[in-house]
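Student: Take these sequences, add in the hints, and give me the full structure.
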Amino acid sequence: MNPSRKRKVRLTVALTAAVVLASALMYTSFSAASPALSPSQLLHSAQPGRSYVLTGTVAKGSVRHDGAVLDFAVRDRKGTSVVPLAYTGTIPDPFKEGREVIVTVEKQGARYVGERNTLITKCPSKFKTAPASEKQNY
Amino acid sequence: MAGLGFACLLLALAICVYGIAASLYGVRRGRPEFSESGRRAVYALAGILTVAFVVLELAFLRNDFAFNTVADTSSRTTPTFYRAAAVWSSQEGSLLLWAWLLSMWSSLALFLTRHRMRDVAAYATAILLGFGGFFVSLMIFYANPFATTNPAPPEGVGLDPLLRFPTMMVHPPMLYSGYTLCTIPLAFGMGALLARRVDADWIRAIRRFAFAGWLFLGVGILLGARWSYSELGWGGYWGWDAVENASLMPWLTATAFLHSLMIQEKRGMLKVWNVSLVLATGTLAIMGTFLVRSGVLNSIHAFGGATLGVPFVTLIGVLIVASIYLVLSRRDMLRSENRLDSLLSRESIFLANNLVLVGLCFVIFWGTYFPLISEVFTGQESSVGPPWFDRYTVPLALVLVLLSGIGPVIAWRRATFANARRNFVLPAGTALLALGALTAAGVTRKPLALAMFCFAAFVFGSIGQEFVRGARARRAMAGEAPPRALLALVRRNRRRYGGYIVHIGIAVLFIGVAASSSFQHASELQLKPGQSTKVGAYTVRYVRPTASITPKYDRAHTGSTLALGAEVDVKKGGRHVATLNPSQGYYASQEPSQGTVGSLIGGQAVSHVSIDAGVTRDVWSAIQPNIEAPALKKIVAAGNRTLEPEQAPVALLVLARSYLKSAPAAAFHFIVSPMVMWIWVGGLIVFLGGLIAAWPAPSVVRARVAARARSRAPRDLVRA
Numbered sequence: 001m002n003p004s005r006k007r008k009v010r011l012t013v014a015l016t017a018a019v020v021l022a023s024a025l026m027y028t029s030f031s032a033a034s035p036a037l038s039p040s041q042l043l044h045s046a047q048p049g050r051s052y053v054l055t056g057t058v059a060k061g062s063v064r065h066d067g068a069v070l071d072f073a074v075r076d077r078k079g080t081s082v083v084p085l086a087y088t089g090t091i092p093d094p095f096k097e098g099r100e101v102i103v104t105v106e107k108q109g110a111r112y113v114g115e116r117n118t119l120i121t122k123c124p125s126k127f128k129t130a131p132a133s134e135k136q137n138y
Numbered sequence: 001m002a003g004l005g006f007a008c009l010l011l012a013l014a015i016c017v018y019g020i021a022a023s024l025y026g027v028r029r030g031r032p033e034f035s036e037s038g039r040r041a042v043y044a045l046a047g048i049l050t051v052a053f054v055v056l057e058l059a060f061l062r063n064d065f066a067f068n069t070v071a072d073t074s075s076r077t078t079p080t081f082y083r084a085a086a087v088w089s090s091q092e093g094s095l096l097l098w099a100w101l102l103s104m105w106s107s108l109a110l111f112l113t114r115h116r117m118r119d120v121a122a123y124a125t126a127i128l129l130g131f132g133g134f135f136v137s138l139m140i141f142y143a144n145p146f147a148t149t150n151p152a153p154p155e156g157v158g159l160d161p162l163l164r165f166p167t168m169m170v171h172p173p174m175l176y177s178g179y180t181l182c183t184i185p186l187a188f189g190m191g192a193l194l195a196r197r198v199d200a201d202w203i204r205a206i207r208r209f210a211f212a213g214w215l216f217l218g219v220g221i222l223l224g225a226r227w228s229y230s231e232l233g234w235g236g237y238w239g240w241d242a243v244e245n246a247s248l249m250p251w252l253t254a255t256a257f258l259h260s261l262m263i264q265e266k267r268g269m270l271k272v273w274n275v276s277l278v279l280a281t282g283t284l285a286i287m288g289t290f291l292v293r294s295g296v297l298n299s300i301h302a303f304g305g306a307t308l309g310v311p312f313v314t315l316i317g318v319l320i321v322a323s324i325y326l327v328l329s330r331r332d333m334l335r336s337e338n339r340l341d342s343l344l345s346r347e348s349i350f351l352a353n354n355l356v357l358v359g360l361c362f363v364i365f366w367g368t369y370f371p372l373i374s375e376v377f378t379g380q381e382s383s384v385g386p387p388w389f390d391r392y393t394v395p396l397a398l399v400l401v402l403l404s405g406i407g408p409v410i411a412w413r414r415a416t417f418a419n420a421r422r423n424f425v426l427p428a429g430t431a432l433l434a435l436g437a438l439t440a441a442g443v444t445r446k447p448l449a450l451a452m453f454c455f456a457a458f459v460f461g462s463i464g465q466e467f468v469r470g471a472r473a474r475r476a477m478a479g480e481a482p483p484r485a486l487l488a489l490v491r492r493n494r495r496r497y498g499g500y501i502v503h504i505g506i507a508v509l510f511i512g513v514a515a516s517s518s519f520q521h522a523s524e525l526q527l528k529p530g531q532s533t534k535v536g537a538y539t540v541r542y543v544r545p546t547a548s549i550t551p552k553y554d555r556a557h558t559g560s561t562l563a564l565g566a567e568v569d570v571k572k573g574g575r576h577v578a579t580l581n582p583s584q585g586y587y588a589s590q591e592p593s594q595g596t597v598g599s600l601i602g603g604q605a606v607s608h609v610s611i612d613a614g615v616t617r618d619v620w621s622a623i624q625p626n627i628e629a630p631a632l633k634k635i636v637a638a639g640n641r642t643l644e645p646e647q648a649p650v651a652l653l654v655l656a657r658s659y660l661k662s663a664p665a666a667a668f669h670f671i672v673s674p675m676v677m678w679i680w681v682g683g684l685i686v687f688l689g690g691l692i693a694a695w696p697a698p699s700v701v702r703a704r705v706a707a708r709a710r711s712r713a714p715r716d717l718v719r720a
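Protein sequences appear in the order of chains A and B. Just so we're aligned, residue 1 is where the first sequence starts under my numbering, counting upward by one. Just so we're aligned, residue 1 is where the second sequence starts under my numbering, counting upward by one.
Just so you know, the hints here were simulated from the structure itself, not pulled from any lab data. Just so you know, even glycine gets a beta-carbon here, dropped at the ideal spot from N, CA and C. The reader is advised that the hints may include incorrect statements.
Straight-line Cα separation of at most 25 Å, PhoX-like style, residue types lysine-lysine; simulated pairs [stated by the list, open to error]: (1) A:Lys60 x A:Lys78; (2) B:Lys633 x B:Lys661; (3) A:Lys96 x A:Lys60; (4) A:Lys6 x B:Lys266; (5) B:Lys528 x B:Lys571; (6) A:Lys107 x A:Lys96; (7) A:Lys60 x B:Lys633; (8) B:Lys634 x B:Lys661; (9) A:Lys96 x B:Lys634; (10) B:Lys634 x B:Lys528; (11) A:Lys107 x A:Lys60; (12) B:Lys534 x B:Lys572; (13) A:Lys60 x B:Lys634; (14) A:Lys96 x A:Lys78; (15) B:Lys571 x B:Lys534; (16) B:Lys528 x A:Lys96; (17) B:Lys528 x B:Lys572; (18) A:Lys96 x B:Lys633.
From chain A, some residues computed to sit far from chain B (all C-beta separations above 12 Å) [to be verified]: (19) Thr12; (20) Pro48; (21) Val58; (22) Ala73; (23) Asp76; (24) Gly79; (25) Ser81; (26) Val82; (27) Lys107; (28) Gln108; (29) Gly109; (30) Ala110; (31) Arg111; (32) Val113.
Tutor: Structural data, given as structure tokens:
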């Protein structure tokens with residue numbers, strides 16, 4: 001085989017392999033992904049046995065420790081829908097009522113259960129810009 | 001002072017605009033004096049931004065709460081060290097740090113290249129000033145670090161207690177240095193394409209900066225991992241969080257570039273690939289900066305109030321379009337001077353290493369941005385978790401470690417059977433020996449970890465062989481003693497042997513990652529004083545509660561008003577191993593509604609992790625005491641009712657005593673992780689190797705001195 005043809009064959013093989021691998025990557029990402037929903041969306045569309053990434057704020061007065069289980073409710077950022085859930089696992093230090101959280105949940109019967117060690121609390125202060133009305137620009 | 005700071009920003013923007021215009025005019029019209037003036041504008045930018053940074057730093061040190069950033073991120077009770085470093089904990093301050101570091105590194109790069117490639121440097125100057133102008137504009141129009149409130153509040157909110165950790169204070173400057181240094185190769189790469197000078201000169205000129213960017217980024221990532229492990233209270237060092245990934249991606253492409261540029265230097269190959277990697281690294285560095293500030297992805301670090309998405313997306317869009325246009329329009333000039341002679345050659349291994357690194361970067365990019373991608377294609381935002389990342393990154397990391405052992409010993413151009421036998425017998429033997437020893441020790445239930453240990457042994461064998469051979473050759477030539485020969489070998493071939501040390505460090509680091517993630521034992525449970533539990537082979541017992549009530553006695557010296565914790569005894573086989581003292585620090589809040597006592601402890605609560613670190617394993621512990629227990633709540637409520645603010649600390653004393661007397665059950669988290677320490681040791685070895693490789697060799701210093709003398713000669717002659 002002449003060198004030019006050899007190079008073309010190599011390039012074709014390499015590109016085919018790259019396309020196959022990229023396709024596998026894309027396929028598995030779509031099949032393994034958990035939809036990210038707000039509480040109102042979750043209440044509307046959750047199916048039992050499927051994982052969802054729930055985002056919202058911890059509802060005031062909802063936090064209760066029951067042994068190793070943490071019961072709390074997640075509220076829409078702008079709205080009134082609330083999802084109560086039972087969570088077991090590591091609780092991030094910034095977790096608090098009113099804070100924004102991200103947690104992977106699953107509907108089990110009529111209740112929602114947080115998957116172990118998936119609770120993330122967003123940083124409350126860093127990079128938060130103060131209201132413009134309080135500021136005076138030079 | 002705020003006025004002075006803001007005036008500096010306005011002046012900085014004017015300097016950027018002037019410098020861009022002067023550089024472009026100079027290079028397009030063949031007027032070097034204008035290009036020279038553009039370069040000096042970068043120095044002026046560095047000077048003016050230094051003044052601005054000092055103004056903001058002084059405001060923090062003087063507790064000038066008229067500055068909004070100071071009031072939002074500092075307080076009188078924040079310890080001085082953390083107050084000084086709180087400058088970059090806010091959006092505004094971190095933008096100033098970014099712009100300042102960019103101006104400093106750019107000044108250094110342009111100073112060191114002032115006698116070389118003047119046309120390329122002129123374009124690079126304009127591009128670097130473009131970046132500078134962009135960040136200064138963000139501060140002027142979106143996030144002003146010198147914005148003030150009148151009248152000034154009497155006290156600030158304080159630095160987020162989670163950030164009160166020494167490495168966390170060093171982590172941002174390291175990471176930002178890495179990001180800003182990555183933009184220098186991008187600027188010179190684009191400059192080379194614009195000036196149509198795509199030989200290896202521009203690569204030689206910026207190689208050291210690319211290396212420094214890679215090194216700083218790596219150190220920043222490692223410090224972030226250390227902070228996560230020691231401070232965040234979950235016991236992990238990497239969570240595939242969007243912001244962690246954002247810093248890893250440019251590091252991976254920079255690693256690929258540092259390898260492939262050797263092929264361009266030696267054989268004139270991979271020019272398109274190299275310039276593409278440089279442009280991709282710089283763009284990914286900007287994307288990393290953007291990700292923290294845009295709020296487009298859910299992440300522990302993706303903060304509220306982010307308004308900088310549109311300007312960043314515009315900049316990134318311009319960079320991508322310009323990069324693609326420049327590479328495509330100059331593709332004829334970027335043709336390789338040589339072809340691959342064989343798939344069994346060092347060039348091929350470097351190319352394979354590049355493909356794996358870029359593949360890793362693509363996997364991480366896809367997973368990180370998947371919420372946006374899925375929303376575009378399905379209308380539903382979805383995300384992938386750590387198991388998805390692990391599925392792809394673990395095999396790729398295994399291949400990468402193996403290649404890092406093969407690359408240094410395989411021959412350039414074409415490896416023969418004799419060459420393979422000569423170079424690979426020892427490394428393969430080392431790997432087989434490791435396999436035998438680990439199998440005998442029963443480490444077979446985790447095949448991926450076993451493979452990683454064996455591949456790391458292969459790397460030790462191949463690199464060790466290179467050092468021994470080099471030292472022997474030196475001994476034979478110079479008759480030096482073995483240690484002296486080894487030192488001389490490294491000193492005279494810093495780039496090569498520094499790189500080898502980096503490979504050793506990476507292998508050590510991956511041993512730590514594989515062992516700690518595969519053979520970890522963890523336990524999360526509630527314990528009362530006197531109770532115990534088993535964690536792997538260890539027995540941990542909650543001996544007694546502990547409490548401290550003033551910042552002075554706070555173990556972590558982070559300024560918490562109250563810390564509640566536990567003394568924990570760790571035993572193995574009935575023998576005392578360590579005493580751990582995990583605690584949780586409580587910080588004051590600025591919310592009067594919590595009451596006089598409640599506000600003293602109503603701020604952020606932060607875990608003070610206690611670790612017994614060892615060569616073979618770490619015993620890691622964290623505690624979350626139940627401060628909401630009825631007895632403790634009663635004390636706070638009574639204090640709120642009866643005590644004035646100045647008397648409120650007394651209630652904390654009562655609360656601490658009550659806790660010590662009858663502590664309620666606390667939630668404990670124990671982890672026994674093997675060989676975690678080797679992750680940090682590996683990182684240090686990488687850092688050491690990187691420094692050796694980046695340090696100018698004696699011959700380079702001599703050449704630079706000679707070049708300087710040559711450039712002065714005509715001037716001296718004229719004077720004479």
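Student: Confirm or reject each hint.
Tutor: Evaluation of the provided hints:
For a cut-off of 25 Å, the pair hint linking Lys60 (chain A) to Lys78 (chain A) stands: about 14 Å separates their Cα positions. Using a Cα cut-off of 25 Å, the hinted pair Lys633 (chain B) and Lys661 (chain B) holds, with the two alpha carbons roughly 15 Å apart. The suggested pairing of Lys96 (chain A) with Lys60 (chain A) holds, with an alpha-carbon distance near 9 Å, which does not exceed 25 Å. As the CA atoms of Lys6 (chain A) and Lys266 (chain B) are separated by approximately 24 Å, the hinted pair is consistent with the 25 Å bound.
Only pairs whose Cα atoms come within 25 Å are accepted, and Lys528 (chain B) paired with Lys571 (chain B) is accepted, the gap being roughly 18 Å. The suggested pairing of Lys107 (chain A) with Lys96 (chain A) holds, with an alpha-carbon distance near 23 Å, which does not exceed 25 Å. Simply put, Lys60 (chain A) and Lys633 (chain B) have alpha-carbon atoms about 17 Å apart, close enough for the 25 Å limit, and the pair holds. Of the pairs offered as hints, the one joining Lys634 (chain B) and Lys661 (chain B) holds, with about 15 Å between alpha carbons and a cut-off of 25 Å not exceeded.
Distance hint between Lys96 (chain A) and Lys634 (chain B) is fulfilled; the C-alpha atoms sit about 20 Å from each other, no more than 25 Å. Of the pairs offered as hints, the one joining Lys634 (chain B) and Lys528 (chain B) holds, with about 20 Å between alpha carbons and a cut-off of 25 Å not exceeded. At roughly 22 Å between alpha-carbon atoms, Lys107 (chain A) and Lys60 (chain A) fall within 25 Å of each other, so this suggested pair holds. Between Lys534 (chain B) and Lys572 (chain B), the direct Cα distance comes to roughly 10 Å. Compliance with the 25 Å bound is thereby established for this hinted pair.
For the hint pairing Lys60 (chain A) with Lys634 (chain B), the CA-to-CA distance comes to about 20 Å; that is within 25 Å, so the pair holds. A threshold of 25 Å between alpha carbons decides the hint, and for Lys96 (chain A) with Lys78 (chain A) the separation of about 18 Å falls inside it, so the pair holds. With a C-alpha separation of about 10 Å, the suggested pairing of Lys571 (chain B) with Lys534 (chain B) holds against the 25 Å cut-off. The straight-line distance between the Cα atoms of Lys528 (chain B) and Lys96 (chain A) is roughly 24 Å, inside the 25 Å bound, and the hint therefore holds.
Proposed proximity of Lys528 (chain B) and Lys572 (chain B) is supported: the alpha carbons are some 21 Å apart, at most 25 Å. The straight-line distance between the Cα atoms of Lys96 (chain A) and Lys633 (chain B) is roughly 16 Å, inside the 25 Å bound, and the hint therefore holds. Interface exclusion of Thr12 (chain A) from chain B stands, the closest Cβ pair being 15 Å apart, more than 12 Å. With a closest Cβ-Cβ approach of about 18 Å to chain B, Pro48 (chain A) is found to remain outside the 12 Å limit, as its non-interface label requires.
A cut-off of 12 Å between C-beta atoms confirms that Val58 (chain A) is not in contact with chain B; the least separation is 14 Å. Non-interface status of Ala73 (chain A) relative to chain B is upheld: no Cβ of that chain comes within 12 Å, the nearest being about 17 Å off. Every Cβ of chain B is farther than 12 Å from the Cβ of Asp76 (chain A); the closest lies at roughly 15 Å, confirming the non-interface assignment. The non-interface label for Gly79 (chain A) is consistent with chain B: the shortest C-beta to C-beta separation is roughly 17 Å, beyond 12 Å.
Its beta-carbon lying about 17 Å from the closest one in chain B, Ser81 (chain A) satisfies the requirement of being farther than 12 Å from that chain. With a cut of 12 Å on Cβ distances, Val82 (chain A) stays outside the contact zone with chain B, its closest approach being about 19 Å. Every CB of chain B lies more than 12 Å from the CB of Lys107 (chain A), the least distance being 17 Å, so the non-interface label holds. Distance check for Gln108 (chain A) against chain B: the nearest CB is about 19 Å away, which clears 12 Å, and the non-interface claim stands.
Against the 12 Å criterion, Gly109 (chain A) stays outside the reach of chain B, whose nearest CB is about 24 Å from its own CB. At roughly 24 Å from the closest C-beta of chain B, the C-beta of Ala110 (chain A) stays outside 12 Å, upholding its exclusion from the interface. The claim that Arg111 (chain A) lies off the interface holds: its Cβ sits roughly 21 Å from the closest Cβ of chain B, which is beyond the 12 Å cut-off. Look at Val113 (chain A): its CB is around 16 Å from the nearest CB on chain B, clear of 12 Å, so calling it non-interface holds up.
Violated hints are absent here; each numbered hint is respected by the structure.
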